[in-house]
Amino acid sequence: MKKINYPFLIFILLALIAAKLLIKNEYYLSIVIFGMFNAINASCFNILLGYTGIISLGQAAFYGIGAYFAVIVAASFGINPVIAIILASVFSAIAAFIVGYPTLKLHGHYLAMATLGFGMIIYVLMNEMDFITGGPSGFLDISKFSFLGISIYGEHSFYIFVAIMFFIFTVLFELFDKSYLSYKLKFIKESEFASKSFGINIFKTKLLVFSVTAGITAFNGGIYAYYSGFISPVSFNFNYSIELLTMAIVGGLGTVPGGIIGAAVLTALPEFMASIEDYEMILYGCFLAVTIISLPGGLTGLIKRIFNKNAAN
Amino acid sequence: MLQIKNTGINFGGVKALDNVNFDVPCGSITALIGPNGAGKTTLFNIITGFLKINTGKIFFENENITNTQPYQIFAKGISRTFQNLNLIPELSLKENLLLGIIGKDKPSAVKSILRLNGDYWKKVYEKIEYCMEITGISEWSAKKTDEVPYGILKYLEIARAIISEPKMLLLDEPAAGLNNVERENLMELIKFLISKNMTIFMVEHDMNFVSNLADNVICLNYGRVIASGSYRDVRNNEEVIKAYLGDSDA
Amino acid sequence: MQFIYSGITSGSIFALVALGFNIIYNTTGIINFAQGEFVMIGGMLIYTLLSIYGFPFLVAALLALSAALLLGALFERVFIKSVRCPNEIKLITITIAASIILRGLGMVIWGRNSLSVDPYIPYKILKLPAGTLTSNSLLVIIVSLITAFSLSLFFKRSSLGKAFRACYDDKVAAGICGVDVSKIRMLAFGIAALLGVIAGIVTTPITYVTYTDGIMTGLKGFAAAILGGLGSFWGGVAGGLLLGIFEGFFASVFPSGYKDAFAFLVILAVLFLRPKGLFGKKKAERL
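Protein chains in written order, with our numbering: chain A, 1 to 313; chain B, 1 to 250; chain C, 1 to 287.
Calculated directly from the structure, the hints in this document are not laboratory data.
Each hint should be verified, as a subset may be incorrect.
Unchecked claim - Here are a few chain A residues that sit away from chain B, every Cβ distance over 10 angstroms (derived from the structure):
| no. | residue |
| --- | --- |
| 1 | Ile-94 |
| 2 | Asp-141 |
| 3 | Asp-278 |
| 4 | Ala-311 |
Said to hold, decoys possible - What the simulated footprint calls covered on chain C by chain A, stretch by stretch (three residues with Cβ under 8 angstroms from a Cβ of chain A suffice, anywhere in the stretch; the number is not a length):
| no. | segment |
| --- | --- |
| 5 | 75–86 |
| 6 | 116–127 |
| 7 | 157–170 |
Beta carbons are placed, not taken as given, at the ideal position from N, Cα and C, and that holds for glycine.
The following block holds chain A by itself, in its conformation from the complex:
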């Protein structure tokens, strides 16, 4: 067990508090909230690709399953949204198990295409099964959200709720990173041959990781649905899966801050360049390409190198 990176956790906590105190504008607050949703999703993607070596291009589908399932179940059976979101998370984990059972035996590009195919199928179903999902326009009036009897409504109270959720997630992720599990996954990623020789059931481990991250992503999706008040398939298409991939890689694969930094930078980016909106996609692609080609550790790696250099001086 390695030492926990307390300065990092404290920094995140202070940043969350500072954002609440400093940002009065509701629009900017909502961007921070979206950043946190993205950060959790990108971190889940990071656990898959950066730690375990599973390339999943269908993460948006799990996010969407979480959002749709929670809203539909809560509305049809009149149950509390929180319970519906937990059910959605379990449902998504089961879906991931069923999809992962045949796909996780595949590697590399086959796995990428299989998960992408799964994501596309879910996207088409969201659009076409309008009798359940509301079709391309989705759901508009999603009921109010309350947690432990406290009604959560509006940017400010949602900010507090999502920030707490995000912080708990970050702490758990940090604990995971410093536990033996992160090593176990890295062993699998680096050498399946050696891992098998030392008693690790690779398939079972991958399936578990895939299901757990799908569950977390879906939970996140459920909260997102109640936060935004409406959902439609466009939020959960292939592009979003690719955005998550970009965030995780640009931020730094295989590190805790990676997904968070990547999500922060790439969520904020469009806001700074509203005037050249059309170039956003090109810039996204260039970020991704430059990181892969010349920045192997992503932004996290870069920051670490700068710190180490300063420490050495």
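Given the structure of chain A, go ahead and fit chains B and C onto it with the hints provided.
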């Protein structure tokens, strides 16, 4: 302890192993020798469950382990090293050793994440220290694998294989690439492991090494056992001499 | 039975895209996620050359094809060759990055609207047994088949084509025997882009072209390649035609909105049931 019975395997049309029979007795050092391409590493991969055999059976402690999954073989107490090292460069030596133990103990994921089993991990790290000490690599423990000499990595592989306290240790060319001092130390280490009730089965090319250590020698050529017995018997076997020196008639 | 004719039309496009995937895969081991973007660029280029600059068709087509070769070669040099210590994940993600950039460029240069060009040949409806086929669809089918045949001749007969096949069999040995492996890789991307642009040119009069088209086209082409067996030349062609016909049948039975999901059901089914595809041979793997 380990019994290979009538084992055969084909790759396409090639018989890589053909009707191989032998035992590895408990508490012995058994060496598998033979020219390149004789099927030695193939046999290791069969025992550890990476290759499925076409004919025959394999028993470990009188239990049939034929065509069992690799991770299940490890659970039964067979551990191995690799000819081409399978280590993780981004981790330190100490962290690399974790792989040797987690597959055996299967510590609880939830407890480990929430740090509720600190005592267990303390013991694990004590074990890691101990294994690094007996293999003589303690001073390197914080280094990454690309920062240490090749010989150290060979010892690291052995340390990783013994940390789970296996009943049988398979060593794939342990002496290859080591200098003379390192070889002497390796011999001492292997003798020490035998004194700890481990059974050792190794593939080795260095005949000096084999003659000093092995109780039994098995010689493989073209997928068949051509001789077995003590080192002296095998060395004087005509077929073995032919296999190594080439057939003078041909 | 009409679905067979429409299926063969769209299937021959899938076949061209599948061939692009296969050529790159065979020479480099890479799955090029930007393959569909080449088709989009092809459609956009021919639109610009014909509708904006008003070139005669043959000149426009020749210009577009030369641009394609250049684009493919540039693509390999800029994105693929510059990846240090390449592994599968890096190569997958770099082609994804490239596809985003190409799509973004498509949007910036040609905007968000669907673009179209006038048909290259007069519109006629051909009556066939149990269905009809338009003259433009027939053109798509014929051009695709001619392209596939000439490409196969190129690989079989020309010395450069033989160098391609040598790279597929054994890169190291090919390199030792004097094949310039790096040049072959670059050329493979060039030819793949060429195939994409040909597909783009022939479909644009029928289907219009939008900057987002590349994703779907690429994925369906990949489905075709997987169906026929990744890396198999005629498997790719057969996979494309089969996928087109299946998809046409599926769309005639189920609501057409589900059509796009079908190609992915095919990908998943093939990957689970028969990963080497219908006609593929699996290369032996060693531990």
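Check your understanding: Okay, which hints does this one fail, numbers in order?
Key -> Failing hints, ascending: 6 and 7.
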